Amino acid sequence: MSRRVENFTAEVPVWRPYVEPVVLAEATAEQLDALKVTPSNTKVSDYVLVLAHDPQSLHARTPLFNAIMYDRGGMSRAERELGAVGASIVNRCIYCAAVHASRYNQLTRTTEPMQAVFDHGAEAELAPRDRAILGFAIKLSACPPAVETADVEALAEAGLSQEEMLDLVLSTALFGWANRLMHTLGEPVEPDAG
Amino acid sequence: MDIDDPHLVIRAAGAEAAAGLAAALALRAEVLAMTAKSRRSVLAPAEPGGLAPALRLGLAVRMAAANAEPGLEAAYRALGEVDAAVADAAGALPAAARLGALVRHVDLVTERPRAATAADIAALGAAGWDTADIVRLSQLVAFVSYEVRLVRGLRLMAEHGRKGVAA
Numbered sequence: 001m002s003r004r005v006e007n008f009t010a011e012v013p014v015w016r017p018y019v020e021p022v023v024l025a026e027a028t029a030e031q032l033d034a035l036k037v038t039p040s041n042t043k044v045s046d047y048v049l050v051l052a053h054d055p056q057s058l059h060a061r062t063p064l065f066n067a068i069m070y071d072r073g074g075m076s077r078a079e080r081e082l083g084a085v086g087a088s089i090v091n092r093c094i095y096c097a098a099v100h101a102s103r104y105n106q107l108t109r110t111t112e113p114m115q116a117v118f119d120h121g122a123e124a125e126l127a128p129r130d131r132a133i134l135g136f137a138i139k140l141s142a143c144p145p146a147v148e149t150a151d152v153e154a155l156a157e158a159g160l161s162q163e164e165m166l167d168l169v170l171s172t173a174l175f176g177w178a179n180r181l182m183h184t185l186g187e188p189v190e191p192d193a194g
Numbered sequence: 001m002d003i004d005d006p007h008l009v010i011r012a013a014g015a016e017a018a019a020g021l022a023a024a025l026a027l028r029a030e031v032l033a034m035t036a037k038s039r040r041s042v043l044a045p046a047e048p049g050g051l052a053p054a055l056r057l058g059l060a061v062r063m064a065a066a067n068a069e070p071g072l073e074a075a076y077r078a079l080g081e082v083d084a085a086v087a088d089a090a091g092a093l094p095a096a097a098r099l100g101a102l103v104r105h106v107d108l109v110t111e112r113p114r115a116a117t118a119a120d121i122a123a124l125g126a127a128g129w130d131t132a133d134i135v136r137l138s139q140l141v142a143f144v145s146y147e148v149r150l151v152r153g154l155r156l157m158a159e160h161g162r163k164g165v166a167a
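Chains as they are written, first to last, in the numbering used here: chain A, 1 to 194; chain B, 1 to 167.
Rather than coming from a laboratory, the hints here were simulated on the basis of the structure.
Everything hinted at is true.
Keeping only pairs whose Cα atoms sit at most 30 angstroms apart, straight-line, the calculated DSSO-like set for lysine-lysine is:
no., chain 1, residue 1, chain 2, residue 2
1, A, Lys139, B, Lys163
2, A, Lys43, B, Lys37
3, A, Lys36, B, Lys37
4, A, Lys139, B, Lys37
Only a predicted model underlies this, so the values are computations on that prediction, with no experimental measurement involved.
Start from the sequences and build out the full structure, keeping to the hints where you can.
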């Protein structure tokens, strides 16, 4: 058994499921459609194969996820990743945090801001706009959510448009969803001993 | 309320008349439409498995209440028959062991997902829930956790817009 990853990192671990993934060779037509694969395609992640146990929700979710994270206009891709990481820290989804921290680092060609976020959470020393975005994402991710109108005011003061605010709400909320799948249905483990 | 209505979240947030939000909502109209498709997939799917529609709505109501989002709670209640034993018993678990294990897991993942471990999934299996139902349940809890935050965000943006106008 490879070792479980216990701390936030920008190096993407392997995700090991707690339940049996769907076996691709035994998948139903509806599952294959939700997986968007042909029967000969074997490169499907265990995570997606676990979600294929409920093909209707997987089928609906994949395009929604892509639209929230990648559709044009509104907030920048990097800032959407920052919202995703804020949620993942609150929910302690080490796998999601790693994937989206590494995307943030690629998009911004930096590593220091994300390391500061991992080390200090909402108190990380960031540019004012990033700090407002991260703070909002962390508060929105609490249960019940801890954001108030003053937090929206802080986003406006940091220069976010209405479109950008909505994208921040969406990307943060989306990771309230993703974290509750990734972190509760499996765990992050070190890649090498696989 | 119509389960397939892309504007359900806007109504639940009381944000219909928020003029400043219109352009942002238009930009993300497709996201709202896809959100409605996901809502149907977890609250009223073609293949509900071991999770009947009234149980699903009951759990959704319970989660909206735990997140202090009464507009969304009311919207879920208006979608159909709601299992009152889980919807109206905040903090209390049903006596039956199998359903009790399910509701315990919903409360945990809704309120403290970071505390969830492999033992919590094993407990669902031990209570008699199969893997497909565990995944169905996980998608339900995860989707509602998303929708409740989307509604909260829309509600605050609408309130902020109104304050701005008043000032």
